[in-house]
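Trainee: Sequence:
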Amino acid sequence: MNLSKLFEIQAQLDKRIIESKGLQGQDLLDEKILALQVELGELANEWKGFKFWKVDPRPNDKVFTSCRDEKAEYYLCGSCNKEFSLEDAKKDLYCSNCDNNLMPMKLRNPLLEEYVDCLHFILSIGLEINFTMESHVKWRRFTIVEQFNDLFGYTSDLFKSTDEDWSEDEKFNAYEELFAGFLGLGDLLGFTEEQIEQAYLDKNEINHARQANGY
Numbered sequence: 001m002n003l004s005k006l007f008e009i010q011a012q013l014d015k016r017i018i019e020s021k022g023l024q025g026q027d028l029l030d031e032k033i034l035a036l037q038v039e040l041g042e043l044a045n046e047w048k049g050f051k052f053w054k055v056d057p058r059p060n061d062k063v064f065t066s067c068r069d070e071k072a073e074y075y076l077c078g079s080c081n082k083e084f085s086l087e088d089a090k091k092d093l094y095c096s097n098c099d100n101n102l103m104p105m106k107l108r109n110p111l112l113e114e115y116v117d118c119l120h121f122i123l124s125i126g127l128e129i130n131f132t133m134e135s136h137v138k139w140r141r142f143t144i145v146e147q148f149n150d151l152f153g154y155t156s157d158l159f160k161s162t163d164e165d166w167s168e169d170e171k172f173n174a175y176e177e178l179f180a181g182f183l184g185l186g187d188l189l190g191f192t193e194e195q196i197e198q199a200y201l202d203k204n205e206i207n208h209a210r211q212a213n214g215y
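Take the sequence shown: its letters are residues 1 to 215, numbered as in this note's numbering.
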């Protein structure tokens with residue numbers, strides 16, 4: 001995973017958002033830290049492993065959803081739910097059972113999507129404090145629950161650094177610990193660096209499209 005490239009890409013998105021929303025000159029660190037905490041919570045919610053009260057707390061990492069034809073992995077009849085391969089759908093875009101239109105479908109990983117939402121804000125926080133990383137240092141706890149709790153702690157530490165008399169080195173150290181722990185969480189969740197980078201690029205494209213559409 002090329003972190004330098006991801007910081008550059010995130011800087012372009014941040015610049016576009018700031019310019020389109022008229023936020024030039026504003027300190028957005030507190031807002032970004034809160035946004036990261038919210039996204040970490042949403043990521044934990046998709047992971048579900050802390051939900052000891054649920055019958056089936058398995059991660060939400062496989063969901064099929066409609067998409068554009070060029071990204072389809074299979075086709076689905078919107079009426080009778082019969083599935084069709086790409087090859088069969090190319091022959092006829094109508095269901096052989098009920099003559100209804102076929103919908104292009106693809107596999108999504110909501111868990112990975114939430115992970116890269118967090119990554120967007122971690123990169124953006126680094127840019128906000130004028131600190132970027134190139135190394136892939138990681139740390140991991142024994143359990144994913146411990147990893148999440150530590151990440152919330154380091155995120156809170158980073159917030160404290162904005163109010164208290166922390167040196168720049170102390171602030172950067174807190175950020176490095178946060179980032180290294182977040183990369184470690186990716187390992188614990190079973191993501192490869194290639195998956196993370198591609199998912200980040202895909203979501204970045206969506207974020208730019210949202211800005212173009214007045215999101």
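Since the hints were made in silico from the structure, they are not lab data.
Here the structure is a predicted model, which means the values were calculated and not measured.
Some hints could be false.
Lysine to any residue pairs mimicking SDA-like chemistry, simulated, CA-CA at most 25 Å apart [unchecked claim]:
| # | residue 1 | residue 2 |
| --- | --- | --- |
| 1 | K5 | K138 |
| 2 | K171 | A199 |
| 3 | K82 | K48 |
| 4 | K71 | S85 |
| 5 | K48 | L188 |
| 6 | K21 | G214 |
Trainee: Does each hint hold? Answer for all of them.
Mentor: Going down the list of hints, with the structure as the test:
no., hint, in the structure
1, K5 <-> K138, "19 Å, holds"
2, K171 <-> A199, "28 Å, violated"
3, K82 <-> K48, "30 Å, violated"
4, K71 <-> S85, "13 Å, holds"
5, K48 <-> L188, "14 Å, holds"
6, K21 <-> G214, "10 Å, holds"
Comparing the model with each earlier hint shows violations of hints 2 and 3; every other hint is respected.
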